[in-house]
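One letter stands for each residue in the lines below.
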Amino acid sequence: MITVNSLTKQYGSRTAVDDLSFDVAAGRVTGFVGPNGAGKSTTMRMMVGLTRPDRGDVTYRGVSYSHLLHPSRVVGAVLDARSMHPGRTARNHLAAAAALAAIPARRVGEVLDEVGLESAADQRTGGFSLGMRQRLALAGALLGGPEVLLLDEPSNGLDPDGIRWLRNSLSAFADSGGTVFVSSHLIAELAMFADDLIVVGAGRLLAAEPVASTLARGEATVIVRTPQDAELRRLLERHGIDAVSTGDQLSVRRTTTAVVSQIAFDNRIQIIEIAETRRSLEEILLDMTGASAEFAAA
Amino acid sequence: MTITTTLPTDILSMELRPQPTTRQRSDDVAALPAALRSEWIKMRSLRSTPGLLVAVVAIGVMLSWILATFVKTDPDTHLPFTIGQTFVFSTWLTMVLAIVMGALSFASEVQHGTLATAITTQPARWVIVAAKAVVSAGLGLAMGVLGMAAGLGGAILGGLTAGDMSGSLATAGWGLLLTALAPMLGLGIGMIVRHSAAAVTGVLVWALVIENLVKTFAPVNFTRLLPFSAAAGLLGIKTAGDSAETMAAALTRVQDAFLFSGYVALAIAIGTALLYRNDAS
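Keeping their order, the protein sequence lines are chains F and E.
Sequential numbering from 1 applies to the first sequence in the working numbering.
Sequential numbering from 1 applies to the second sequence in the working numbering.
Hint data in this document are derived by calculation from the structure and do not stem from the laboratory.
From a predicted model like this one, the values you see are computed outputs, not experimental measurements.
Glycine included, C-beta positions come from ideal geometry on N, C-alpha and C.
Partial chain F-side listing against chain E, Cβ under 10 Å, derived:
hint: 1; residue: V48
hint: 2; residue: T51
hint: 3; residue: Y60
hint: 4; residue: V63
hint: 5; residue: S66
hint: 6; residue: R73
hint: 7; residue: R82
hint: 8; residue: M84
hint: 9; residue: H85
hint: 10; residue: R91
hint: 11; residue: H93
hint: 12; residue: A97
hint: 13; residue: L100
hint: 14; residue: G140
hint: 15; residue: G144
Simulated restraints, written as ranges between beta carbons of each label pair:
hint: 16; chain 1: F; residue 1: E118; chain 2: E; residue 2: Q19; range: 27 to 37 Å
hint: 17; chain 1: E; residue 1: V209; chain 2: F; residue 2: D161; range: 52 to 62 Å
hint: 18; chain 1: F; residue 1: A105; chain 2: E; residue 2: S243; range: 48 to 58 Å
hint: 19; chain 1: F; residue 1: G27; chain 2: E; residue 2: D279; range: 26 to 36 Å
hint: 20; chain 1: F; residue 1: A105; chain 2: E; residue 2: Q19; range: 21 to 31 Å
hint: 21; chain 1: E; residue 1: M247; chain 2: F; residue 2: A105; range: 45 to 55 Å
hint: 22; chain 1: E; residue 1: G202; chain 2: F; residue 2: G12; range: 24 to 34 Å
hint: 23; chain 1: F; residue 1: R217; chain 2: E; residue 2: R277; range: 40 to 50 Å
The whole structure should be built from the sequences, with the hints applied where relevant.
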């Protein structure tokens, strides 16, 4: 549905986006993740013609954004939820956008209703919370009944109810064939509803794959509590399995609970507790992007 | 707030959608009425717009009334002010306000991030510029009409006599041309500066200080070509920096109209080129 091809953008000597290519499939929610300064926002701005790429292009079913006759009927974008005049009401904000896109004025009321802002329709946006602004921005993206939603950090400022609503809504949108491309820092949140991930670091593509494939990168660790830890460790090493002693427990990598418990059973070693843990998506992504992070905590 | 709605799925049927239609050059021209409607909604939906019109009326009434009541005679000719003279005096200030309004019509969009929304909706950026120019020119025209009507009312309230009204209609016509062109000059300045406070300050300082200062030392053949000299010439009025020498060397109204229009065209052309060259924010 969306094809990003060799997208490159340089600001002075800094390469913000470096030969980025990926596809975003229809009918799926695709998360766009990477550390600060990875080039996510620049990429999204290039996807809707706000920033000119030095090289490469983006097409929507073969047509570039700037050549779409009615862009907002194909792509609904929210790149900055603060983009609204504080002195204008929500209804007028949307009415102006609808008029520019030649969208019937009745859609304004419909989308306000869809995002749950009908009661605030005639309030000036200057008094809106960030969550309300997010909803209004999303309403603007929905005005044209687009087939693609491009959202940059859409859950910022939303309360837990709002986040759940957004997650359900985007999933429903994708389930009905729509394309959702969403960047977020809330990786745990994204893991709950994204089907695919595009991972970038320092402007370069690090991975473009289903979330399940990313999760599979995180190897399992078996945690064993036993009063005979030294003995069990020796037995595991004899089977070619590395174990690390951490306090009163052993941490065993590249194996399963079944294998460890079988070895313990065969050698009459008492096990008090055994569990298998997997690394979270957040940990896996932090590992993937760590080397390319522009800003990192010491 | 508890939300129970979800995004609609009935508007989608994605797989059945035809291939997106490609935009042609003629489609951009056809998009102009929609862009005009959008700009009109933006303009009328802000409280500052009626506030501006009220300010124009208040300035028109007050200026004429003060001249009639307290100043009473023209300091140069020592003849009593007449309605035929004073009704247009406030138009110079109306023009300055119209330039500020035009500048803000663009710069405030940059400031609040709504320009990006407009450009993602209408990628042909010139369409947005053209719509802004037309709508702001219309509002400038309305400001001119109200300002002159208010100036007339203030002069009548102040008890001035009609005086020679033979050239008043022509003066009003040139004045309305000026107040219609002024927002477009402001729009161009706004597109170049892209910052509300800087654009407004720049316009006010240039109009009220710099140009008058330049007139004190620069040759008249140069100063008569300055934008606000052309504006004063269109209105047929003398401003603070004008002397007998500058008035004697003044251009004709037709020349002033071409000159002021040239400044407008230049500002819009530079602003539009920058809008195409720069990334939208």
